[in-house]
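Undergrad: Here are the chains, one letter per residue:
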Amino acid sequence: MRSRRRVALQHHEFHTVIGKDDMTAVNPPTPPERGQQHPAQDAVPPASARAAYVAPTAQYASPDPDPEAALSIRGLFKTFGQNHAVDGISLDVPAGSFYGLVGPNGAGKTTTLSMATGLLRPDAGVVAVHGVDVWQHPLDAKARVGVLSDGARLFDRLTGEQLVIYAGVLSGMDRPTAISRTKDLLQLLDLQSAAGTLVVDYSAGMTKKIALACAMVHAPRLLVLDEPFESVDPVSAANIRDILGGFVSGGGTVIVSSHVMDLVQRMCDHVAVITSGRVVASGTVDDVRGGEDLEDRFVELVGGRRVQEGPEWLRYS
Amino acid sequence: MVAVLVGLRLLVLRNSLKRSVGQLIAVIIGGLYGLFVLAMVILGLFALNLAPVDLLRTIIVLAGSALTLGWAIIPLFLPIEQTLDAPHLAVYPIPLNKLLTGLLISGVVGIPGAITMVASIFTFGSWLRMPGIAVLALLCGIAGALLCVMLSRAVTAAASGLSSGRRFREAAGILIFIPLVLLGPIIAGTASSLENSKDVLPNLANAMSWTPLGAIWAIPSQVALGDPLGAVLRALIGLATIAVVFLVWRWGLARALVTPVHAASRVRAQGKLGLFGRFPDTPAGVIAARCLTYWFRDPRYLRQLVIIPVLPLLLWFYSSLTGGTFLLQAAGPFVAFVLGITLIADVSYDSTAFVLHMSKAVPGRADRWGRASAVLVFGLPAVVAITFITAAVAHDWMPVPALLGLSVGLLLGGLGVCSVTSAVVVFPAPSPGDNPFKTRPGANTALLGSTFITWGVLAVVTAPEIALLIVNLVTGQPLWGWIALVVGVILGPVTLVIGANVGGRILDRRSPELLMQLQKDA
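Keeping their order, the protein sequence lines are chains C and W. The first sequence maps to residues 1 to 317 in the numbering used here. The second sequence maps to residues 1001 to 1522 in the numbering used here.
Next up, chain W with everything else stripped away, as it sits in the complex (with noise of 0.2 Å):
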């Protein structure tokens, strides 16, 4: 049963392989950049023959402890393998206690797991120094692999014990987002502080090796180092962390097996209208209280929404790195460019649901009034607000009028630009309820190209703006900037007014195309 898992975790991989030559390429693109890694950390655990054994001990625990939590807190938020998930396996008669260890074997073959594997057994390379500790290291990292391992699958098992409720794992894949991207600004600065203490590490290495993560990593170095009691004691406290975690880890399997995916479903009375009942009772009334309800309500339209208040962060972080505030004050039109053309997947998102709009025959104006003005509804303060808080926060008030014009245009004519493209290509997209950062095969070409001519477009359309924000900061006189805030207001909403029309009927014409599209690629 064991070696059947095992052989089902690779065929799995062999198969995903052979589905596409893109994804093949992809593979071994990312597989020789893996390899490379691992190579250079193996090199890197040898070169650590000639460091002394302090140093030694302050990167194998640190670098230890890192990959185990990582091991522990990735699976929650993107989930790697599915094959061999309890759902797929609980209809099958197989014991627990086989399907533990076939589980166990299966997540080291996979690809992380095996680079895992690998890199923690070549830590006996440091030791060459010492053979019988080099045996020890070699059996620690073995087992420092096995609980990477079993941490991750009992911490997805424990937590979908926990919840397997549709709102917790929305809510997961969006919060999982702001750090990752926040991730760059995170390291730039815990490194810069780090530098200024330099016992920091070693005091952080000998905490953690005290701790369930970084216990395993510490005993050969606590042997080298002359403490066999403190060996033992962290022995213990891995092997303890072991058994803990595979006591968790055999529980929230047990309980999956017999827990399939539920809906979490709240019962709410009717009565309850939301922004249906504010907006205008017309068609593209509706359909912006549609899109606007599915922008706070829908993860894939939330992933967007986050953008508002995280790039103008990163901007303001990375202009405090450079130092000037050219950065900072260029969020406003960013955020405009990058809400504007988030319209492009609107009706993608729809899916086949879009079924609805032909079937009542909605004229594809209103259609496309509809998906505009939600984002213009909070788009446009948004916008606004961020160039004057910028403004404020950069000391510099010259360029707000030019900036203001350019995100008015930027945003207005990023919508009218993507309704007609948006009327024309639809593209596969993560389907309703899909992780967000689902990117389906095949959707990247149809989309670079729609989004190329997108921006193409939006660059000619916009040009006057750009332009005279430029002549406004090299020549720092303020009538230039005035000058671009109304050719944005003007330009803006004309090119909003022309896309949306156009736009529209091509709509009208092309819809039973576009639904055919939505329906091969659901």
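In isolation and in its complexed conformation, chain C is listed as follows (with noise of 0.2 Å):
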């Protein structure tokens, strides 16, 4: 793996060089060195190579959801205002499978994944959680599914135990159940020496496990992670990874959306690429980056990469 991350840097600074020639390229022509490596990839104009990928809701054989995938949605639409957010959304995450949607800053993730969990009404489209409509049976479908919402406020007067209590008894169980289960997360998160602290006082990658740990106490069949990632230190994110791979081999499913490809790469096993509110590419991690890595795989398909060295007076050498 940290090989492969090599050969991307080495890309990137080819690209560097080639921008100092085209000072104005928004998208640096593809090197023809990367072209030997994929002949295939190379022949296929920009456009028709995004087509390949594409996931158009005609690839579905049916607009019904898939009454077999952990997450189903159909032709999803969200509008702000002028903003459409999320324009046309179709997507199977197949049950067991860990599910990474990258996308860059404002291309749906946060607003298509709010609708799949029952807190966004959408305008238009089906969602459906391992076969129940989310906005038909809220009840059956919410008992399924775990969410962390990025940007959301926790009850943070709360100690942390109390808190994940909390979240377990809103769910439906018992106090001797919550508490427990309460236990086995704090320790798996490492959280018991702050378990009686309030939420308030932890620092970001604390506040983000246990809201994490309010995510599993109901212990859903899918987990629904918005940048679960975020501001949490390499240690604590190792551990949340290990602990998300138990659950996806435990026959759980997890969907996470994040901005480090990277992370994505290492981590999931299927991946949808969306921007502007649309799927650009979906499927297999594999079959997404097409032998590249994904990060560059993920800037070609979403276009806008600047290649620039900054004003003169930022120069020191």
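Just so you know, not all the hints are guaranteed correct.
What the hints assert, rightly or not - Derived CB-CB ranges, DEER-like:
{"hint": "1", "chain 1": "W", "residue 1": "Phe1296", "chain 2": "C", "residue 2": "Ser231", "range": "27 to 33 Å"}
{"hint": "2", "chain 1": "W", "residue 1": "Ala1243", "chain 2": "C", "residue 2": "Gln187", "range": "54 to 60 Å"}
{"hint": "3", "chain 1": "C", "residue 1": "Arg121", "chain 2": "W", "residue 2": "Val1004", "range": "48 to 54 Å"}
{"hint": "4", "chain 1": "W", "residue 1": "Leu1321", "chain 2": "C", "residue 2": "Ser231", "range": "34 to 40 Å"}
{"hint": "5", "chain 1": "C", "residue 1": "Gln82", "chain 2": "W", "residue 2": "Arg1278", "range": "47 to 53 Å"}
{"hint": "6", "chain 1": "C", "residue 1": "Gly304", "chain 2": "W", "residue 2": "Leu1008", "range": "57 to 63 Å"}
As the list claims (entries may be wrong) - Stretch by stretch, here's where chain C covers chain W in the computed footprint (C-beta under 8 Å, at least three residues):
{"hint": "7", "region": "1280 to 1287"}
{"hint": "8", "region": "1348 to 1362"}
For the record, the hints were derived by calculation from the structure and aren't laboratory data. All residues carry an ideal CB built from backbone N, CA and C; glycine is no exception.
Join the two chains into one complex using the hints; note that each chain is given alone, in its own frame.
TA: So, in structure tokens, the structure goes:
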């Protein structure tokens, strides 16, 4: 994995060299060296290359959600004023997969996940969790999903322990179960020593972890995590990754949204790339990246990379 | 650098005016009021030319001391200006002394600083009969005003140096509320006691002139009274004060620049469930436990909790002024009313944390019942206790049954009505951890609408109890009181049950829309 990362960096350096010759280029042309590595890739222009991975609604045989999938989305739309935040997304997340949802800022990831978990009412479209329609039968659907919302507050005047027990009882379990599960989760997430501290006094990483515990306490079959690794330290991130890996190998399904391509490439087996409210590519990670590094592939799909050196006064050599 | 800081202060002032028309109008009205007060003060200062020097001295020294004291205390509780706070400036390479000068001048440029400065300068106006002293008064006024600004800066810097922890800030925010509420009675009380002893004020002024607060203000009158030695001594006190305040400010600022605000965290082991171990383990039960924990831990709720002891005290004071006991005995229903309608802000106070209730699919009814029962747990005993205690103080037990009936009706009715309104409307409220007295732009209109509707419905719902109480008081027949009690005890719970059911159903349907509004407000 590490060696592939190094290759990716070399590509970046190469882009920079190209950029020096052509300062205004928004999308630098693919260097010929890369074409020799992947001749088939280089032969097609970017637009049709994209088409090979595009997952339009037509790809799905039935307009109805797939009951076999852990999460199945069909024709999801959401508009805020003039802004088409989600512009016709269809997606199947296979049961037992570790699914990455990637996209630039403002691509509609959070909006999509909010609608998929019953937190935001879609303008149009159907969402089903293990065959249960989220907006027709919200109680059944929500019992199967654990949600970590990015940017949402927690009831932070409770201690960490109280908060997880609160979440547990809210989802319908009795107190002894909630207490014992809370104990397990706090141990799993390495939060025992801070169990009695108010959440408001937690660090950002600890807050993420306690929110994750709240999402997992009712043993959902599907975990939907919006930016679970933001501001989490590397050790905690590795621990969380292990926990999520264990959850998947135990038959659960995990969806994470993230900006960190490296993480997604290492962790996930499936990935969907979203930009401007549409899915531009989806499938297994290997399919989507097509032999390239996921980050390069992502930048290629999404576009908008600018290669510039910055102003003269910022240069020291 | 000094000019840049002062310019920044003015720019912030201008931009804050540009943000909304409503704010602009409020600032204009406030500014006009300030100018009016300032004009009156200046007029008064000129009018003092006609007064004997002794009286002049008493007034100037006392007013100056009070002004200085105000500048020292108020910034502790109401952070006036945050743009030029140390944490914001810490990242720029500004020499400390330039920073101090810049902050001092920008403090004078702000609205309170400017008013203080102008008023202080115009103390020369009282000395037109003695031009030499007028010049001295002018200089002392400038020094006094600068001391005011420096003092407020020093106090803020020192306080943030001592404790920037969350607990201190929150406790201070609540504690200042009590004297503020009781300010009216305190002023009235001191004024009436001062009336009785006329020579108290001159003596007080004399004493104050030897303290750091009043020394500077006493210098001109001391010279005018023919006591140059006393004037020099007070000038020394004043200079020493300025020096000490400056050094404290400098120390505090230097410290604050390298000590960012931190969260004081007390690490405690697990196992302390608090209220979560006592309430039933149903969704409604834990929501009640959570809300009750918040009532005693969150400053925004604590502020409302403080009303329970303070409101009866306030009413007791005002009823002692008028001589009757009517107001005092109204304390029970008053508190019941206030506690009942607190629920209107409950979801708004949750802010986006409300998402937990949604993602766990909490039934709306459980949500409503949890929140309402948290208030009932302490509200009902408190209201009953207040009704009995005020009756005992007033030695009037006749209206107690009717008052109890009305109190129960108001408390439970208010909770019931708010269970519906708070499921329909959320509005921008102070965020968790914010100053509880902060009002968010746009909060007032939304809040006003739903509050008026809530009050209207509540008035209709409790009309029978109110009518029976009035009949009871007019006829003096206890029977009406007992009927009011029965009606209240029946009608209150009925309203609450209906409110919780209707509100719960609305919440089930509308929670995504509520969450969207909460996210917008967050």
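Undergrad: None of the hints should be skipped; say for each whether it holds.
TA: Here's how the hints hold up against the structure:
| no. | hint | result |
| --- | --- | --- |
| 1 | Phe1296/W with Ser231/C: 27 to 33 Å | 30 Å, holds |
| 2 | Ala1243/W with Gln187/C: 54 to 60 Å | 58 Å, holds |
| 3 | Arg121/C with Val1004/W: 48 to 54 Å | 49 Å, holds |
| 4 | Leu1321/W with Ser231/C: 34 to 40 Å | 57 Å, violated |
| 5 | Gln82/C with Arg1278/W: 47 to 53 Å | 51 Å, holds |
| 6 | Gly304/C with Leu1008/W: 57 to 63 Å | 35 Å, violated |
| 7 | 1280 to 1287 | holds (count 6) |
| 8 | 1348 to 1362 | holds (count 12) |
When held up to the earlier numbered hints, the structure conflicts with 4, 6 and fits the remainder.
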